[in-house]
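2 protein chains.
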Amino acid sequence: MADKQFVKEIADINENFTQWYTDVVLKTQLVDYGPVKGTMVIRPYGYAIWENIQRELDARLKATGHSNAYFPMLIPISLLNKEAEHVEGFAPEVAVVNVAGGEQLAEPLVVRPTSETIICSLYSKWINSYRDLPLKLNQWANVVRWEKTTRPFLRTSEFLWQEGHTAHATREESVKETLDMLQLYSDFARDVLAMPTFTGRKSEKEKFAGAEETYGMEAMMLDGKSLQAGTTHHFGQKFSRAYDIQFLDKDSTHKYVWQSSWGVTTRLIGALIMAHGDQRGLVLPPKVAPVQAVVIPVAAHKEGVLQQAELISEQLRAAGLRVQLDVRDQSPGWKFNEWEMKGVPLRVEIGPRDIENGVATCSRRDTCDKFTLPLNGIAQQAVRLMDEIQSNMYAKSLAFRDSHVQLAHNMDELGAVLDNKCFAKVVWDKDPACEALFKEKFQATVRVMLDEPPFQDVCTCCGNKSDDLVVALVARAY
Amino acid sequence: MADKQFVKEIADINENFTQWYTDVVLKTQLVDYGPVKGTMVIRPYGYAIWENIQRELDARLKATGHSNAYFPMLIPISLLNKEAEHVEGFAPEVAVVNVAGGEQLAEPLVVRPTSETIICSLYSKWINSYRDLPLKLNQWANVVRWEKTTRPFLRTSEFLWQEGHTAHATREESVKETLDMLQLYSDFARDVLAMPTFTGRKSEKEKFAGAEETYGMEAMMLDGKSLQAGTTHHFGQKFSRAYDIQFLDKDSTHKYVWQSSWGVTTRLIGALIMAHGDQRGLVLPPKVAPVQAVVIPVAAHKEGVLQQAELISEQLRAAGLRVQLDVRDQSPGWKFNEWEMKGVPLRVEIGPRDIENGVATCSRRDTCDKFTLPLNGIAQQAVRLMDEIQSNMYAKSLAFRDSHVQLAHNMDELGAVLDNKCFAKVVWDKDPACEALFKEKFQATVRVMLDEPPFQDVCTCCGNKSDDLVVALVARAY
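Protein chains in written order, with this note's numbering: chain V, 1 to 478; chain A, 1 to 478.
Please keep in mind that the hints were generated in silico from the structure rather than gathered at the bench. Check before you lean on any hint, since a few could be wrong.
Which copy is meant is left open, so a pair is good if it fits within one copy or across any two.
[Unchecked claim] No more than 20 Å apart at the CA atoms, straight line, and that leaves these computed lysine to aspartate or glutamate pairs for EDC-like:
1) 62 <-> 51
2) 136 <-> 32
3) 37 <-> 103
4) 62 <-> 314
5) 136 <-> 51
6) 176 <-> 213
Take the sequences, apply the hints, and build the full model.
What follows is the structure, encoded as structure tokens:
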């Protein structure tokens, strides 16, 4: 059967999740490999998801008082070098321009791996008075980080992202911004990507180079691994001291500003795929699906079928949906499989018998349920279904996640939990040696520290008592 | 007076247009200089204009069947080298990455100066059958071209743009696409930027490196110079042969595709400034103005003033306008001047006397007219004014342009026309020697060839008769 054939092209999701992912991203034409190792081409179907992510997230950023700007991509190496920890973290993975306009450059330029350094150099010029604060800018841009092991969307030499950079008059304000943005990301993941997340503080080891604190948003993939889906950083005054960003406060004294930065990337597309997909391919949440409903005429040569398919498409479009009318000359069965693989939330089939009965035959991608909808009022029903599918996908993901988190009271339990493809909650005394052991014994890491009371009075790893125990989420991660 | 003081900060538009431009872009905070020579930072007020341009243009590109995608920025130098004319044109101005991830690269990578080469390498893979055609992709991206003489927006080492790249089964189709996109750009300039343009074919000398034909859209700036505001290129099969992009046609033979590319850049922001500005600063068309209406309370401490200002702002916002309520503690006069400099189309002042009279005092930026609007129904009036200002700005620009184009029957006349800060229409026999003389004698160039019958039977430059005379637009240019 055509159905089987299609599925045959995609590796088994349970047996080889990695290959399943690669098959899906390539066969659905989300992405292709670029000519330089580790780079990706984002094809129209993948880029349309990114555009939907951008539109939804950008609106939330603007609604919370952020403005967009654009800073140069090439950064003089001396500028990068000003913040010691930052350069130490990023220097090993930068791409360097030495020649431009046919001449050797006096000073090498680094292709931005992130923009703190160049943005700080401008903030130092723009910020003079308390009246200039807070300064809350965001940039949509490409960045380059030379990575050894790469996979489309998850880790590529060049990727697209947004990076927010804010400056504030007080520590309280910048800490609040750092936490507010973490919440904004988490709300966005829930509402738009239908993806529940864990949020919390990162360990010292997992901190962003140059940050005082890093916070992360972690999402559970279907293979039980964690994917870091967004981070926010509090810099304190580290960068403002290194780049001399001072303001004259109301009390007539000069002070260094307090700063935050935060970002999400095209990695979110990888997260979507691995959080919602199934054996047939993609399952896309309606809010970001490039095509929300596909209309497929059956026996299109029969009188009235094509016209009815066009009419339905127009009605759905008029109701605000993103619609594709598929009139290509392949068979309906072939098209069903292709659009299922591409994760379109709602399929609407219309043939002579449907027309006779005054209905369309429909299929939901999230449940694969088949049902009919009356042609009369079909657009309103389709709109309602989008909400229902979006909610159902979130509920399903949440149930999956909640059933895949277990407590680990000791290292044996931790190993069992992880091998069971679950996240573990551990009690941790914050000793880096324990963190190293999680890695060494189980290839797992502390994803975030959770804001929960410890469920036992000793560290899961070393068994020591401590006054400063935290609950940490430990998982294998992308 | 405060008014005078503000104007004093900006160079005289008639005496020193270049300095006026620099003063305006910096003082209105559209832009700042980056740390690397020739780079610019697009500040929020400038970037918001770009976002409005993007939104309006992107909708037109999608409505004409184009999809967005994203291709890697770093191009292996061997890929760039495949099309001989193309590499000859761009090699002198590329930035080259030699080191990445701490290691010398086996093959240097070029930061894209434009993306034909990398996109063609993918098209070669993606296009196999006539069913894959036409392929009409667009990319919003940054590009780098190392320029010796730079000015914000007009010519910078890095700039933002969109680049469309299409592949077609026949020459007719790709020529039509090339001309359709030229028309789309010109309509966009007219409808959105309120800017009339001349469109036509470029001379051999001014062609894009690797194109068979280049078409340009030229706009007249207030100093009588021309600004190339957009170009479209027809490649014929030059790139498809160099990059081996073949398809199996319906007749079962393999054929090379026919291609076009086209782009507009952040330069359009420079065009806007120099086409509409005046001594007070920017004059922005409502369609792209970041702030369409500013509401300024006068005697804000008096009872009811602030509330009324807030109410008006809300009403204007609810009517779909981009509104700024300016409650900073500067004086109203200071604010009037600042927002005039920033080119906001409509200013709405509201003070105790206005409230008494049930009106708001308003000022249009395009005409500087002052008038009152009844508070009752003010939002509808403001929306109507946006249309009126947009139309009036276009009409004004068109009248300016039409009164600054003159025929030049010979070289003396050409010199006089150009010195009179006008564009010249010349009759040209297409001899490159004549084109060189325009440059040598008058620092002017052939901007485009117009689709008009020759107004005399000899070349304006050499006086020769020819069967192949064209009317060309000759001007000094940015």
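Cross-check of the supplied hints:
1. For the homomeric pair residue 62 and residue 51, the shortest alpha-carbon distances inside one copy (16 Å) and between copies (13 Å) are both at most 20 Å.
2. Taking the shortest Cα distances, residue 136 and residue 32 sit within 20 Å of each other only across copies (17 Å), while inside one copy they are farther apart (35 Å).
3. With identical chains, the CA atoms of residue 37 and residue 103 are at most 20 Å apart between copies only, with a shortest distance of 14 Å across copies and 26 Å within one.
4. Proximity of residue 62 to residue 314 under the C-alpha cut-off of 20 Å is restricted to the inter-copy arrangement: shortest distance 17 Å between copies versus 32 Å within a copy.
5. With identical chains, the CA atoms of residue 136 and residue 51 are at most 20 Å apart between copies only, with a shortest distance of 17 Å across copies and 22 Å within one.
6. With identical chains, the CA atoms of residue 176 and residue 213 are at most 20 Å apart within one copy only, with a shortest distance of 12 Å there and 56 Å across copies.
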